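**Student:** Sequence:
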Amino acid sequence: TEGSPMLTELVALLSGLKVYITKLSQKGIQECREICGGFGYSAYNRFGEFFSNNDVYLSKDGDNNVIIQQVGKFLIDNFIDLKGGKTNQFGSLYFLKAEEPHIHSGKNHDSPFSQSKYDIKKAFEFRVNYLINETLTRMQKMRIKASLQEAWTQINVHILKGACYAFIELYILNSFRQS
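In short: position in the sequence shown from 1, add 327, done, that's the working numbering.
All the given hints hold, so there is nothing to weed out.
For lysine to any residue, the following SDA-like pairs were computed, each having C-alpha atoms within a straight-line distance of at most 20 Å: (1) K488 <-> Y498; (2) K354 <-> N372; (3) K350 <-> G375; (4) K424 <-> G411; (5) K410 <-> E427; (6) K413 <-> N460; (7) K345 <-> N392; (8) K488 <-> L344; (9) K488 <-> F451; (10) K410 <-> T464; (11) K413 <-> K424; (12) K449 <-> F417; (13) K468 <-> W479; (14) K448 <-> Y492; (15) K345 <-> T335; (16) K448 <-> N501; (17) K448 <-> P428; (18) K345 <-> V383; (19) K448 <-> L423; (20) K387 <-> L340; (21) K449 <-> S506; (22) K350 <-> Q397; (23) K400 <-> K468; (24) K449 <-> Y498; (25) K468 <-> P428; (26) K448 <-> E426; (27) K387 <-> G355; (28) K488 <-> Q353; (29) K350 <-> R360; (30) K387 <-> F377; (31) K400 <-> R454; (32) K468 <-> H485; (33) K387 <-> E376; (34) K449 <-> G489.
Have a look at the derived ranges for each label pair, beta carbon to beta carbon: (35) Q416 <-> D446: 21 to 31 Å; (36) L337 <-> T414: 16 to 26 Å; (37) S379 <-> I471: 37 to 47 Å; (38) K449 <-> V383: 31 to 41 Å; (39) I447 <-> V393: 24 to 34 Å; (40) F366 <-> T464: 41 to 51 Å.
Just so you know, these hints were derived from the structure itself, not from any lab.
All values reported here derive from a predicted model rather than from experimental measurement.
Even for Gly, the Cβ is constructed at its ideal location relative to N, Cα and C.
Build the full structure now, drawing on both the sequences and the hints.
**Tutor:** This is the structure we're talking about:
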């Protein structure tokens, strides 16, 4: 049903995955083309054809720049709810914490950057929390000078997009770890 938590989470995840996968495939094709040097631009290897065929997916079924904003709104809304005392209702946001994350210096066993087999997962979780927190902090500072819409636009381009990519990368990591 419309508005159900399961549907909301599914839309956010699929939107994020669409953006992530299309950007990654475009970047991969371009990198292959560049590795081949001058031959990368030859019609014989068909990189140009692959690039053109793939390019359409960056805007098909919704432009990636617009779709990533849906993911950002999902993250921000749930982070604000969490800070307001509500409980998390989404499995993909299990890691979200209301308190501000702190970067530890030196060797600290509580740091997500210590040396164990769970470090990469903790580091990814930390990165998403940090970027979401940073987004809200900057938005609050910008709202003093600008409207909510201006603040959203400015922040979305610079920081929130990074939080969205970090969230999707964490989701992919967790999916691989479960299988």
